[in-house]
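Peer 1: Listed below are the residues making up each chain.
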Amino acid sequence: MINCEYLKPVDLQEALKFASQFADRARFAAGCTNILPDIHTGKLRDCVLIDISDLKELTGINREDDFISLGSATTVAELLNSEIIRNEAPVLWEAASRFADPVVRNRATVGGNLAYGSPASDMSVPLLVLDATVLVQSMEKGIREIPLRNFFVGPGKTVLSPSEVILRIKFEPLSDFKFYYTKFGKRNAMAISIASLAVGIKLGKAIEEARIALGALAPIPLRALRTEEFLTGKPVQTEILEKASEILLSEINPISDIRGSKEYRLELTRALFLRAVNNILSLK
Amino acid sequence: MATYSDCLKGEGTFMFNVVSKKTPRLDAEAKVKGLEKFASDIALPGMLYAVVLRSPYPHAEILRIDTSEAEAMGAVCLTPDDVPDVLYNERGVSIPAKTYRDRRVLPRKARHYGEAIAAVAAESEELAWKALKALKVEYKVLPPVLDPIKAIEPESAQLYERVFFGEEEIAIKNNIACEREITVGDADKAIASSDFVVEEEYELPRVYHFQLETKSAVCNPEPDGSLTIWCTTQSIHNVRILIGSIFGIPLSKVNVKKIPVGGSFGSSIQMNSIIPICAALALKAHRPVKLVSSREEDMYDHCKYPSRIRLRVGVNKDMSIQGVEAEVLVDIGAHQIQAYPLLGSMAGWLVSLYKWKNIKYRSRAIYTNKVPACAMQGYGNPQMNFAVESHVDLICEKCGFDPIEFRLKNHVGIGDEFWGQGPTVRSIIKSCGLEESLKTGSELINWKERGHPINKTGRYRRGIGLARGFHTSSAGAPGPAEVIDYSGATVKVNEDGSVDVLTAVMDLGGGTWDAIAKIVAEVLGLPLEKVSLSPVDTRTTVYDVCTHASRGVFAGGGAAYKAAQEVKRKILEVSSVFLQEHPENLELVFDPKRNDAVIRPKGVPFKSMTLGEVARNAMVTGLGSIAATVSFRQKTCPPSFVTNFVEVEVDTFTGIVKLLRAVCIADCGTPINPDGVKGQLIGSLARYGGYALCEETEYSEQGRLKCEGFITDNKIFTTEEMPFLNNIVVHFTNTYEPTGPLGAKGIGEAAGNSVASAIANAVYNAIGIRFTRLPITPEKVLEALRGKEA
Chain A
1 MINCEYLKPV DLQEALKFAS QFADRARFAA GCTNILPDIH TGKLRDCVLI DISDLKELTG
61 INREDDFISL GSATTVAELL NSEIIRNEAP VLWEAASRFA DPVVRNRATV GGNLAYGSPA
121 SDMSVPLLVL DATVLVQSME KGIREIPLRN FFVGPGKTVL SPSEVILRIK FEPLSDFKFY
181 YTKFGKRNAM AISIASLAVG IKLGKAIEEA RIALGALAPI PLRALRTEEF LTGKPVQTEI
241 LEKASEILLS EINPISDIRG SKEYRLELTR ALFLRAVNNI LSLK
Chain B
1 MATYSDCLKG EGTFMFNVVS KKTPRLDAEA KVKGLEKFAS DIALPGMLYA VVLRSPYPHA
61 EILRIDTSEA EAMGAVCLTP DDVPDVLYNE RGVSIPAKTY RDRRVLPRKA RHYGEAIAAV
121 AAESEELAWK ALKALKVEYK VLPPVLDPIK AIEPESAQLY ERVFFGEEEI AIKNNIACER
181 EITVGDADKA IASSDFVVEE EYELPRVYHF QLETKSAVCN PEPDGSLTIW CTTQSIHNVR
241 ILIGSIFGIP LSKVNVKKIP VGGSFGSSIQ MNSIIPICAA LALKAHRPVK LVSSREEDMY
301 DHCKYPSRIR LRVGVNKDMS IQGVEAEVLV DIGAHQIQAY PLLGSMAGWL VSLYKWKNIK
361 YRSRAIYTNK VPACAMQGYG NPQMNFAVES HVDLICEKCG FDPIEFRLKN HVGIGDEFWG
421 QGPTVRSIIK SCGLEESLKT GSELINWKER GHPINKTGRY RRGIGLARGF HTSSAGAPGP
481 AEVIDYSGAT VKVNEDGSVD VLTAVMDLGG GTWDAIAKIV AEVLGLPLEK VSLSPVDTRT
541 TVYDVCTHAS RGVFAGGGAA YKAAQEVKRK ILEVSSVFLQ EHPENLELVF DPKRNDAVIR
601 PKGVPFKSMT LGEVARNAMV TGLGSIAATV SFRQKTCPPS FVTNFVEVEV DTFTGIVKLL
661 RAVCIADCGT PINPDGVKGQ LIGSLARYGG YALCEETEYS EQGRLKCEGF ITDNKIFTTE
721 EMPFLNNIVV HFTNTYEPTG PLGAKGIGEA AGNSVASAIA NAVYNAIGIR FTRLPITPEK
781 VLEALRGKEA
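Taken in order, these protein sequences are the chains called A and B.
Following the working numbering, the numbering of the first sequence begins with 1 at its first residue and continues without gaps.
Following the working numbering, the numbering of the second sequence begins with 1 at its first residue and continues without gaps.
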């Protein structure tokens, strides 16, 4: 039997109180693009939905000193319409433009996409490459700051406790980096990623710093830290990039599923990585 | 012979005023504004909402269904015990003697996951769902049969013991639903003595129709004992006949309303499985009942025929074909919706493509515990076309022939026999635009520059491919056949000279109703806005078999054309009284100055009356209404020839195949709605682009769809996958079908049959790999490329 209740808190404090009160049954809900299908198919049978979609603490895209701060209830469409994101975080804007379709983008939120913990989460990849931090809060634990790269634990699992809500996501825009985002699905629109990848490179005479984030290629969206380390200080040479792509493949652990086999995902990662780096190098 | 473009210029037998001109869709405003009413929009006072319990097992006997708890909630429940013990076939297109019947409204044994086994209706949808969850079912789970090859092994479980073929009860052995063999000459001998023998096996996937509207029905028991039905269907009359026969109601007491359909692609040729369930609930509840399928339910209700086709062809050095041997295996799923006529039709598509001389065709349809397959835009033709058109390119590659010359030398054309719907539906081809298509298309795509795959290197490789196909227009034939095909129409002139057309022909979204209105307007010399299609039902129309087999314009429009001709004759007769002229001396023409139909003595423009004046005078003087009803059978099944040229780009790093350019050339005789024909061709490019490159609904070992019925993992093409619009060229060949209404043939199915074949041929031209199995997914491309390197 499906037993789902719906609560609409007046402010953040009440939302946190509800979450604490209903503990394991509590589910924060905003765009509901994952929660409603889960209720519909019976994956989620017993819950109290706490609607946080218009709490003011969780909305808005702001510039704060060196950081850009996003409310967790910011929709993907709002990202696309934001001049700040378009001009200062083009890698996030690009990912938003490839996210599902306009109808879903109007509802789906950045915080929801992260909190759901899907290995194929399309918002996590650009935010990982930007080395974002998530600000979370609960009655029990107060406010915590968690680097996004420590946020995901396993498929559908994050470090969030059931009563903890994501307040905001913040990151430095890194204007001295050049970025590239690419996503590969069964088709170009409205498709779940078979593989997605974002690369950021700070280029001097050699590669000063590299960041690589990957989606749908491991149990969690992840940063390829060993590949990044390998690339740091290296010149841009074909052999170096080939070697880097080998290290990259050893860092991921894709599965075979209805969207693609493990072997294909490995092959694809190499191609997408090389495509990303070549694109970045050709950007001036 | 005159062609349609002559008629457009006024140089043909007829000067077109409305037909072949671009006109806005008659239903455009209602559809764009969301005001069109489909079956799911119908709401009646006191209506109950129905939901369906579907089998959680692919193969299970239903031992007991306990409805007590659901009934205690106030729900009306329907179990196999509540429905008539009648075995039926949901598709009323074949003659009864050639129809297999294996289906009950609710079965005693579930034969596929998602098959309807019980239903409830309640005051609200919410209560209905609650009541549904309260049904308790005892199953005896049986081993599922999922692989059609294993299905015929003796140790496999049997889906059926006995079914009916016509009135005869027959035994089903080894899950073989039916078989058909056709032999012409001695293919074995002819192939053995040929210069070259080319053999290959092709495999086509199970895909879902993905029509926009999911199957819906509203049934209302009327106070006079009749039953009114609004439902998703391609044939209101066949729904009426089936409901009448299953529930034992006289046809005069079953009334099916003609309403718009939100797409179908063949999935509503048959009476959809939910319609009799909804009717049974309404009859049991004595209340109106509404039943709307979800997308997930719809995906578990119907699919395209997955097919394996093995071809062996003998060819001589002079490019002449000596013989073909074809073996076809079709996995039809849990029910025979139309497998027997399908096997016949697939033979027809084969024999009508090329002059094989000697033919040995063997085909089998196999039952499996999966979603029942049914017609889907092409009825076996895209499957056969993929095999044959891939094979023709394979032959040309192996024997060093030019693919265009080979096709020109061997194709079936004017004066040859065409099989429009299996071996009993044949007629002689009288119009054919294929030669023009190949010539024009190869220029438009720059065919000569396509190069050879061995010379192509680098990451991105481009290739150009071609395939040609056709589809029938109707299942009309000179004499009676295995397939029923006739239509009808009523045309009546109103008292102001405007005209109402009553037809049972359904419009599946392709613009058939516009075409019928335009044909009538053309014959009666009227501007299009003076012709309206009446909202009708089975009580107010004569029989039309179904909008299928690309027959809407040719057969349905043909009947309207006949009725309009009859009305024209009567108009001249009545006018003769007022104009004091012999009817033979009068003509009915469009007068552009008055924007109206006028009747005048031939060549005497100053002595004329408008049709409105004639109709009013007829009313005042008591001469009566001018109207005619006809029932009409087309006696031919002319093929519409379509040729596709495409250019693709293969990314050899990711395996992605991108469609860059397409040239679609159609010979549909007179294009009644030119924009409609263009829409069909471009729409089919998208539809069959997906068939070629990404669509497939695979099954898990548990007998469930891997995508679980969700669209999340069943992808059709979007605009993102299509070439840019200015890279799609549509061209109509200049032909005129003498047996069609105003020279028209069908287009709906012809538009798509050769698209996937052309794409596969283009992929070969890019990377030198021939894919014999669809879809050609990036993963398979990469695997094949790696295999080739190794």
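Because the hints were derived from the structure by calculation, they are not lab data.
Remember, it's a predicted structure, so these values are computed and weren't measured experimentally.
Any given hint might turn out to be false.
Pairs of lysine-lysine residues, derived as DSS-like cross-links and limited to a Cα-Cα distance of at most 30 Å, are as follows [stated by the list, open to error]: (1) A:8 to B:780; (2) B:788 to A:43; (3) B:658 to A:178; (4) A:262 to B:130; (5) A:243 to B:780; (6) B:109 to A:8; (7) B:658 to A:43.
So these bits of chain B aren't anywhere near chain A, every CB distance computed over 12 Å [claimed, not checked]: (8) 154; (9) 719; (10) 722.
No residue lacks a Cβ here, since even glycine has one placed at the ideal position from N, Cα and C.
Peer 1: Check the structure against each numbered hint from earlier and tell me which ones fail, lowest number first.
Peer 2: Going through the list in order, the structure violates hints 1, 2, 4, 6, 7, 9 and 10 and respects the others.
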